[in-house]
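Protein chains in written order, with the working numbering: chain Z, 1 to 572; chain V, 573 to 923.
One or more of the hints may lead you astray.
What the hints assert, rightly or not - One side only, chain V facing chain Z, incomplete, derived with CB under 8 Å: (1) 604; (2) 627; (3) 630; (4) 634; (5) 641; (6) 670; (7) 674; (8) 798; (9) 852; (10) 854; (11) 859.
What the hints assert, rightly or not - The following label-pair restraints were derived from C-beta to C-beta distances: (12) Z/133 with V/728: 45 to 53 Å; (13) V/728 with Z/565: 31 to 39 Å; (14) V/870 with Z/505: 35 to 43 Å; (15) Z/97 with V/911: 51 to 59 Å; (16) Z/392 with V/813: 50 to 58 Å; (17) Z/505 with V/911: 23 to 31 Å; (18) V/638 with Z/455: 46 to 54 Å.
Hints were generated in silico from the structure; no laboratory data involved. Backbone N, C-alpha and C fix where the C-beta goes; we use that ideal spot for every residue, glycine too.
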Amino acid sequence: MNRPLLGRISSFLFAFAAIGFGLFFAYSAVRFPVDRLLPAFQWEYALKNGFLLFVESLIPLCAAAVAVAASLAGSSAMARAAGAPPQPFSRIAGSTIVTFVLLAVAYTVLFEGVAPNVRHRIADMEYRSRLGREFLRQADKARSNGDWAARRDALGLYLAIDTTNRIVTEQKLEAEAEAAARTKPASKPAPPREPPDDVDASSLVKKAQYYYDREDWFSAHSYANRAAVIAPNRTDAPRLAAQAWEKITGAAPSRKDRQAAELYRKKVAAYAMLEKDPVAAYYSFLDLAASLPKDPDIQEYLAESKKLMTSTAFFHEEIEGMAALPGTDRILFVNRSEKDFTEAVFIGKMIEAGRQGTYLMDLEAIRYRPTGEVLWHLTAPYGKIEEMADGRREILMLSVDRDDRNVPAGPVYLSGSRPAEERNLLLIAPTTEELAVLAIDGGGAAAMGLPRLWRLRERLASFGMQREALETDIVMMAFMPFAFLALCFFSLALGWAFRARYLGRPPLLAILFIPLVPVAAALASLLSVHAHRIVLGFAVLAFGLTAALIIGAALSLVLLAIALALTAGQAT
Amino acid sequence: MVKGLCAAFSHRRLFKPWPPVVPSVQVKEPLKLPFLFLFILLCVLVVLSALNLLSTWGMYESGAHRFGLGYALSRLPRSAFEVMIPSVVLSLLLAGMRMARRPFSRLLGLLICLVVSYAALVNGMIWLRALAQKSRPAPAAAVQYFRPAGFTPVGAVLLNPRTVKDDSLGGALLVDPARAGARFSVFPDAKASISDRGVSVTLMGARPVRISGKPGLARGALFAADRFTTLFLRDFGVLTADFERLLAGSLPEFFAACFALLFLCTASFVFLRASRWPLLNILLLALAARGYVLLWHVLSVDVAPVIARAVTDRLLVRMFPAAAMAVLGILLLLVDILFIPADRWKQLEES
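This is chain Z alone, in the form it adopts within the complex (with noise of 0.2 Å):
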């Protein structure tokens, strides 16, 4: 192993890197885009993006690194002992191989591993900004309208976004105390008492009349039948001691059987809802539990048609306070696409949450004909993915109150409509996998690795997306590696070929240039990148991806053929 020249190169590589990452880390600290994130995520932003940048510059750092080191090769750490033979070029340069395939696994773990995740969270955190900013315009909306509880809660949702800021924390306290202050403790009616223990017909009067609501009917019928000896002249006593007895007599039936045939014909008729009506059996179910907590049939069915209710709809609570955590933006796909007809969707947001489920947000869905008539269309707040036993996903578009009915939240038909049992479903296509490559601005190809858009590309060409550039990017993404490497062997040897004439350390002036030379090794790895991409995407456009990849290959083994011969074939 030549130990100057390998040793040079690590140094140089080392520290282009170094200088490139604490710049693009400046860079990106400095050009925060304030209009699309939220200060609290400049730190975070400059990482990710001073990170992104590096990553997207390490063709040009590397080449830059390598021909400067191999420039300054020459020079008297290089020199040989006096009398010994020179080295050819090629055996001096040989072990510094194995060090440009190990950078070339390193760029491609960075470049398709790791910086598309990078990508991802930089537009989760546009999101998240876009998001924390409605809360706070909210906020103010509510202030304005005096609504301290809605205030108090649009701060809580913002600050689940920007958990350290001070200011919007104390903005909440302020809200929460002015919620606390102006809300009026909840009376409850009180329940009637039972009157005085007075000895006027009145009183005894009112006392029989309690215990008559009651269904006391002896205790009213003695109250009664008193009051009528006191005051004889009052027809009420009289009136409400017959009444009594009557029901002692059980001349009708009991407000207690009445009750229970009541509570018999609400849980049948809960019960015959379960199967086609399972939210309104839910709700039904509801209403008898809280008048009956420990009725066992009521909570045997409660716990059913909660469960039955789960495979149409879903708990609104669920989706709460999820609209802070990190998802996939503006999602637009062709659903189906059929002879008569075509099915488009589109998806605010959506979030995955483990276990959970797959939550969606702000969803649009339109079905339609060639001719331009439109079958239905539909616009929902919310939806919850549902996979199904058979394999497909089904979107549930109903989101229910635990415990309101009159708070659910399912589609609107802006027009047509769709049978009963499908209003609030929709059968999708993609996967959650495919959904999130098929955001709008999410970077589609850029935020996948190679392995992934390879398995996705079918598919994902038949949910509308550009087939030609998914395997442009394929072949691209394929062959950056080599192009990698060419560049470094290039880049040896134009260092080597051009090394410098001093005899020690250059001069100060020289030394003060060295940051021209990754800009100008900028411009031509660029520029080689293109007529790349040029060639490759001409082959996928003209001849398809198999025979791109065999041309990729082709060129890609030219250039490495050429850059190693020339390496090669340097002077002593």
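Using the hints provided, position chain V relative to the given structure of chain Z.
Below, chain V alone, put in the same frame as chain Z:
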């Protein structure tokens, strides 16, 4: 004997350079340079023309017809014309690299490069333009920009036509992602028209809608360059367009502009002798060449209109960028003569 053979074939002998057939490189190199330059130019022109041809077909023609020899032959003169200036400038750069390795008289080198490159550029542009005018390919159609059942961005909206035929789109779904309410709207028919500014589509229905903007170039996206390369290509595009305008308007002005540009490029060989570090010198020359193209863009697009308002002489306005290039070239030549030692290359080689 074995020892002798080993000694004869040792690394020292094997890698020892052969004695030169022609003793002096000083005589041989200037003679070779014009032919070498023309050879480099030919290679560069072929490569860049091919790239231009492939990208042009891909972006504007691939939707309409397949790539074939007939199309390639009809388009090739135009492609070669469009890359003529970058080819000559790049060839000068590569010839400069050659001169950095095999130096000879700087003034002779400048003169040879200037004369040969000037002859190549002027003749190349005149003849290629004449050939290109004879066989201009068919203009682009909507079929190039829209793909059936695929979403194509047009400005801020997206369009998904069910069918695409020439400039007609059938069953078009318009998606406006920025809208708060209904984002989808469907139109039975649409007509697209292509211009230099982009695509405009008239969607016909109960309430006709017209959208326009830069298309997401269904196929152009395949050839989309990064932002730095885009600027680079833009600047060369402006340069070529200006030269084509001068060529169409007045030959003397075209000759003068060509001379000014090439004089500046050859005078920039001063950078090849700027330091004792040839790599740095070459990269400085490359950056300078990039800077000149950017300078031309600034002078032609930004400064020339300002001058046009101030002066009435049209000739001055037209030739202002070329004059600035010539002045800059003279300055560089003066720097070379006055401050750079005449034997710098010799010193470098001896070091």
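Hints, one by one, checked against the model:
Of the supplied interface hints, the one on residue 604 of chain V is violated, with its beta-carbon coming no nearer than about 18 Å to a beta-carbon of chain Z, more than 8 Å. Annotation: residue 627 of chain V was flagged as interfacial toward chain Z, and the flag holds, the nearest CB pair being 5 Å apart, inside 8 Å. For the restraint placing residue 630 of chain V at the interface with chain Z, the shortest Cβ-Cβ distance is roughly 5 Å, inside the 8 Å limit, so the hint holds. The beta carbon of residue 634 of chain V comes within 5 Å of a beta carbon in chain Z, closer than 8 Å, and the hint placing it at the interface holds.
Residue-level restraint check for residue 641 of chain V is violated (minimum Cβ-Cβ distance to chain Z is 13 Å; threshold 8 Å). A least Cβ separation of about 11 Å between residue 670 of chain V and chain Z goes past the 8 Å threshold, and the interface hint is therefore violated. Violation of the interface hint for residue 674 of chain V is found here, the shortest Cβ-Cβ separation to chain Z being roughly 12 Å, above the 8 Å cut-off. Hint status for residue 798 of chain V: holds, given a least beta-carbon distance of 6 Å to chain Z, under 8 Å.
Of the supplied interface hints, the one on residue 852 of chain V holds, with its beta-carbon coming within about 6 Å of a beta-carbon of chain Z, less than 8 Å. A distance limit of 8 Å between C-beta atoms decides the matter here; for residue 854 of chain V the minimum to chain Z is near 6 Å, and the interface restraint holds. Residue-level restraint check for residue 859 of chain V holds (minimum Cβ-Cβ distance to chain Z is 5 Å; threshold 8 Å). At roughly 20 Å, the beta carbons of residue 133 of chain Z and residue 728 of chain V sit outside the given window of 45 to 53 Å.
Range check, residue 728 of chain V to residue 565 of chain Z: Cβ separation about 50 Å, and the 31 to 39 Å hint is violated. Under the hint 35 to 43 Å, the C-beta atoms of residue 870 of chain V and residue 505 of chain Z, about 38 Å apart, fit the expected range. Between residue 97 of chain Z and residue 911 of chain V the Cβ separation comes to about 42 Å, which falls outside the hinted range of 51 to 59 Å. The supplied range of 50 to 58 Å is met by residue 392 of chain Z and residue 813 of chain V, whose beta-carbon atoms lie about 56 Å from each other.
Roughly 24 Å separates the CB atoms of residue 505 of chain Z and residue 911 of chain V, a value that falls within the hinted 23 to 31 Å. At roughly 30 Å, the beta-carbon separation of residue 638 of chain V and residue 455 of chain Z lies outside the given 46 to 54 Å, and the hint is violated.
Of the hints listed earlier, those the structure fails to meet are numbers 1, 5, 6, 7, 12, 13, 15 and 18, in rising order.
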